[in-house]
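Student: Construct all of the structure, not just a fragment, from the sequences and the given hints.
Quick note, the sequences are listed as chains A and B, same order. Each residue of the first sequence is one higher than the last, beginning at 219 in the working numbering. Each residue of the second sequence is one higher than the last, beginning at 108 in the working numbering.
It cannot be assumed that every hint is accurate.
[To be verified] Not close to chain A: a few residues of chain B, all C-beta gaps over 12 Å, as computed: (1) ALA140; (2) SER147; (3) LEU171; (4) ASP173.
[As the list claims (entries may be wrong)] Heads up, simulated BS3-like pairs for lysine-lysine below, C-alpha to C-alpha not over 25 Å straight-line: (5) LYS133/B x LYS122/B; (6) LYS133/B x LYS328/A; (7) LYS373/A x LYS383/A; (8) LYS133/B x LYS383/A; (9) LYS133/B x LYS403/A; (10) LYS373/A x LYS227/A; (11) LYS133/B x LYS373/A.
To be clear, the hints were calculated from the coordinates, so they are not data collected in a lab. Quick reminder that beta carbons are idealized off the backbone N, C-alpha and C, glycines included.
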Amino acid sequence: MQASTDQEKAPFGFREVAASEKHGLVQTLFDGVAQNYDLMNDLMSGGVHRLWKSAMLDWLAPRPGMTLLDVAGGTGDIAFRFQERGGGPVMVCDLTPGMLAVGRDRAIDKGRLTRFAEGGIDWVAGNAEQLPVADRSVDAYTIAFGLRNVTRIDKALAEAFRVLKPGGRFLCLEFSQVVLPVLDKLYDTYSFSVLPALGQYVAKDREAYVYLAESIRTFPPQEDLAARIRAVGFEMVSYRNLSGGIAALHSGWRL
Amino acid sequence: MSETDTRRGGGVDPKLLEILVCPLTKAGLRYDADRQELISDQARLAYPIRDGIPIMLIDEARQLADEEIQRR
Chain A
219 MQASTDQEKA
229 PFGFREVAAS
239 EKHGLVQTLF
249 DGVAQNYDLM
259 NDLMSGGVHR
269 LWKSAMLDWL
279 APRPGMTLLD
289 VAGGTGDIAF
299 RFQERGGGPV
309 MVCDLTPGML
319 AVGRDRAIDK
329 GRLTRFAEGG
339 IDWVAGNAEQ
349 LPVADRSVDA
359 YTIAFGLRNV
369 TRIDKALAEA
379 FRVLKPGGRF
389 LCLEFSQVVL
399 PVLDKLYDTY
409 SFSVLPALGQ
419 YVAKDREAYV
429 YLAESIRTFP
439 PQEDLAARIR
449 AVGFEMVSYR
459 NLSGGIAALH
469 SGWRL
Chain B
108 MSETDTRRGG
118 GVDPKLLEIL
128 VCPLTKAGLR
138 YDADRQELIS
148 DQARLAYPIR
158 DGIPIMLIDE
168 ARQLADEEIQ
178 RR
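Tutor: See the structure below:
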């Protein structure tokens, strides 16, 4: 650990870690759960994550030739849906090579084209805060359940703005703050008792799911996140609550 | 190049190379097919391509020696 970078802290669940340490922790965590990631999503949310992702694609409205950069979508969940709905080429950029390998293998199993040039899906390891993508190069940027794991959210948002073409669309799907009074109590019990137990039995990794529950609580609520999206230059920023605010979809345009 | 090669790491999509840049300098990259690396001369870094996946992470890049750098 270096003394200079230790000054800057980042939340890792309820723990505070050095900002320089967080991406390594996130990478290790997702490498560990990569094989079971999609199964766990189904179990944890009772399949509801599929409806949320579907809502994201509804709002995005893919069209032929539309290029997408999907960040933190290593297993291809958003990329496959985008193409099934008629979208163009996709670059999936994820911090964890293990997650990308799962997505890429799945693409091959599905008989999908794996090259951007042919309108397929390309898989690249990269950091959301330092995207390996040229300025103004894509029509859409999506990040589903990824922004929470980024060390410096504002830096990632600024990068999203940079890589979008003028007229481009930003969409973020993330856990958010429950807005219904009874649901919030139930949800608390579920997140801090049921989730880690599920993680233990299915993914053999309790800690990863304790982190999940904690990281959701430290993530900025709907209005705060909207303000931060506006702050990097996006316009017409709006959001929709999904399932009473368990998740929220934020949208912005680079005009 | 066979289909399997391109999927499994035998090549890099030329269209992808148009939008892929060095995460540090945001400049374009040079593809070294022999070493399976994407080279950023300005940053003096070589990003590995592992199992067909470009690893565009500064921490994982190899530092270039002086003689490896090409001036444009």
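Student: If any of the earlier hints don't hold here, list their numbers in rising order.
Tutor: 2, 6, 9
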